[in-house]
Amino acid sequence: MSVNFGCSGVDVQKFLDYILTRGTSIADWGQQSGDKEKDEFSTFLKEPFTKAIENGDIPPHARLESYWNDFTDAGEVRSLNAVHLPGYDCTDLWDLTRAEIEGRQNVIWAVEALKKYTPGFEKARLRTMGASLGTRESRKIIGDYNLSEHDVLNEARFSDSIGINPEFLDGNNIAIMPSTGRYFHVPYGIILPQKVENLLVAGRCVAGDKVSHAATRQMMCCTVTGQGAGVAAAVSVRDNVSCRRVDISKVQDALEKQGVRIK
Numbered sequence: 015m016s017v018n019f020g021c022s023g024v025d026v027q028k029f030l031d032y033i034l035t036r037g038t039s040i041a042d043w044g045q046q047s048g049d050k051e052k053d054e055f056s057t058f059l060k061e062p063f064t065k066a067i068e069n070g071d072i073p074p075h076a077r078l079e080s081y082w083n084d085f086t087d088a089g090e091v092r093s094l095n096a097v098h099l100p101g102y103d104c105t106d107l108w109d110l111t112r113a114e115i116e117g118r119q120n121v122i123w124a125v126e127a128l129k130k131y132t133p134g135f136e137k138a139r140l141r142t143m144g145a146s147l148g149t150r151e152s153r154k155i156i157g158d159y160n161l162s163e164h165d166v167l168n169e170a171r172f173s174d175s176i177g178i179n180p181e182f183l184d185g186n187n188i189a190i191m192p193s194t195g196r197y198f199h200v201p202y203g204i205i206l207p208q209k210v211e212n213l214l215v216a217g218r219c220v221a222g223d224k225v226s227h228a229a230t231r232q233m234m235c236c237t238v239t240g241q242g243a244g245v246a247a248a249v250s251v252r253d254n255v256s257c258r259r260v261d262i263s264k265v266q267d268a269l270e271k272q273g274v275r276i277k
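For the sequence shown, the working numbering assigns the number 15 to the initial residue and increments by one for each residue that follows.
By construction, these hints were calculated from the structure, which means they are not laboratory data.
Any given hint might turn out to be false.
[To be verified] Keeping only pairs whose Cα atoms sit at most 27 Å apart, straight-line, the calculated BS3-like set for lysine-lysine is:
#, residue 1, residue 2
1, Lys28, Lys129
2, Lys224, Lys154
3, Lys50, Lys60
4, Lys277, Lys224
5, Lys50, Lys277
6, Lys154, Lys277
7, Lys137, Lys209
8, Lys137, Lys28
9, Lys129, Lys65
10, Lys28, Lys52
11, Lys137, Lys65
12, Lys154, Lys209
13, Lys52, Lys224
14, Lys130, Lys60
15, Lys264, Lys277
16, Lys28, Lys65
17, Lys28, Lys130
18, Lys65, Lys52
19, Lys224, Lys209
Required output: the full structure, derived from the provided sequences and hints.
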């Protein structure tokens with residue numbers, strides 16, 4: 015889980031000058047990445063938080079490391095993803111409550127560290143904070159097919175494809191950017207629960223292991239599974255068959271007419 019936040023009062027040019035001299039790459043924030051990621055620029059930022067912990071400004075248990083992706087000429091850095099909360103159960107109400115409290119405390123610590131140790135942030139102030147926790151992974155179905163690490167890293171092909179997704183993984187300490195043209199098929203089987211009829215599951219809950227989740231949780235893949243589920247549901251109603259028994263070729267034909275790339 016994480017809590018996103020933004021800052022105002024930033025000297026953006028001073029901050030950018032600092033960032034551009036650091037030579038940070040995508041590989042710096044993913045323990046598993048390809049050779050190309052070592053040469054791809056990243057906004058990953060860890061030094062201010064490390065210094066703050068070393069100097070006793072914030073507690074040693076604070077897990078803070080950030081990437082940011084937006085700024086304005088008005089002195090705003092609007093999205094800082096610095097607060098990471100491991101070890102909580104996303105399905106437990108009390109864990110969610112504790113994480114909400116801890117996450118907001120960590121945001122305050124993160125802003126303090128940025129102000130003291132990041133050029134351009136000396137006069138920064140908290141601008142926005144996420145309305146609720148960001149959750150990357152919780153409940154998932156066990157599907158007719160469970161997508162694997164091998165599938166997403168080796169351009170898997172499926173006869174029941176409902177779309178394609180780039181080889182783009184971000185999560186579980188894996189950072190692989192979609193800069194090669196490589197892609198895998200998204201199979202219909204991962205949105206079909208094994209033991210429940212006429213239920214299609216799209217988005218982050220689709221079937222697969224932890225590594226494949228780093229790919230399927232991406233918004234572009236959620237779009238693929240969402241559109242595929244909608245079309246499959248329509249075909250099942252039209253043909254008066256269960257979602258498990260739809261003619262996948264009809265689903266694929268309908269998706270292609272909507273401009274979806276299947277193969």
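Status of the hints after comparison with the structure:
no.: 1; hint: Lys28 / Lys129; in the structure: holds (13 Å)
no.: 2; hint: Lys224 / Lys154; in the structure: holds (10 Å)
no.: 3; hint: Lys50 / Lys60; in the structure: holds (21 Å)
no.: 4; hint: Lys277 / Lys224; in the structure: holds (25 Å)
no.: 5; hint: Lys50 / Lys277; in the structure: holds (25 Å)
no.: 6; hint: Lys154 / Lys277; in the structure: holds (26 Å)
no.: 7; hint: Lys137 / Lys209; in the structure: violated (56 Å)
no.: 8; hint: Lys137 / Lys28; in the structure: holds (12 Å)
no.: 9; hint: Lys129 / Lys65; in the structure: holds (12 Å)
no.: 10; hint: Lys28 / Lys52; in the structure: holds (25 Å)
no.: 11; hint: Lys137 / Lys65; in the structure: holds (18 Å)
no.: 12; hint: Lys154 / Lys209; in the structure: holds (14 Å)
no.: 13; hint: Lys52 / Lys224; in the structure: holds (23 Å)
no.: 14; hint: Lys130 / Lys60; in the structure: holds (13 Å)
no.: 15; hint: Lys264 / Lys277; in the structure: holds (15 Å)
no.: 16; hint: Lys28 / Lys65; in the structure: holds (19 Å)
no.: 17; hint: Lys28 / Lys130; in the structure: holds (14 Å)
no.: 18; hint: Lys65 / Lys52; in the structure: holds (24 Å)
no.: 19; hint: Lys224 / Lys209; in the structure: holds (21 Å)
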